[in-house]
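Place chain B on chain A using the hints.
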Amino acid sequence: KAGVTQTPRYLIKTRGQQVTLSCSPISGHRSVSWYQQTPGQGLQFLFEYFSETQRNKGNFPGRFSGRQFSNSRSEMNVSTLELGDSALYLCASSSQGGGETQYFGPGTRLLVL
Amino acid sequence: KNEVEQSPQNLTAQEGEFITINCSYSVGISALHWLQQHPGGGIVSLFMLSSGKKKHGRLIATINIQEKHSSLHITASHPRDSAVYICAVRGTGNQFYFGTGTSLTVIP
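Line by line, the protein sequences are chains A and B.
Numbering of the first sequence is given in this note's numbering, commencing with residue 3 and proceeding in unit increments.
Numbering of the second sequence is given in this note's numbering, commencing with residue 521 and proceeding in unit increments.
The shape of chain A in the complex, shown without the other chains (with noise of 0.2 Å):
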């Protein structure tokens, strides 16, 4: 099976743009979860979908949203960028969420300027 896709692999942005992030999970998982990862912060939760509905939101503010399609295909989209937004972006599958094994993929790193 293919592993978790997700594009674009880099991305340059000025503040106050919006950027839209994808991410396609393994062949008949369900579950796609996202994470933040930075220097000085870490990984951080942003959020996870299973069947197109957003089963849990970490503590981020509403500029990052998300949304699953029925192929389980995962975006991720941050408005009205800062600076704080440059981070390396995950994207994770999982069969059916909760606790089980998920599967990264190589994420996206975005850089605002």
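Simulated coverage check for chain B against chain A, where a stretch passes if three residues somewhere in it have a Cβ under 8 Å from a Cβ of chain A: (1) 560-568; (2) 618-624.
Here are some chain A residues the structure puts well away from chain B; computed CB gaps all over 12 Å: (3) THR9; (4) ARG17; (5) GLN19; (6) SER29; (7) ARG32; (8) SER53; (9) ASN73; (10) GLU77; (11) ASN79; (12) LEU85; (13) LEU115.
Hints were generated in silico from the structure; no laboratory data involved.
For clarity, every value in this text was computed on a predicted model and none was experimentally measured.
Cβ coordinates follow ideal geometry from the N, Cα and C atoms, glycine included.
Same frame as chain A, now just chain B:
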């Protein structure tokens, strides 16, 4: 206050040494995960634990639910084990909490 604390933050070992990384957490959990992250960012899930002990090759992970503590052991360490090891817990409220990671360098 961090829900997940890892120690040590940095660890340098000689090839062949036995390595232990510790993780303590303060929340109720449904599962604990050990993750490995190599330079460049890719993360691999090593173990998912809810009780007891698991072994995979030279890696062993244990968890003590009562003490809210987990350890990751690497036997006969090798330079290719050099990576950042991250402890993550799935809280009973379904949120994920992460430790700050342990940076391991194994010297040949």
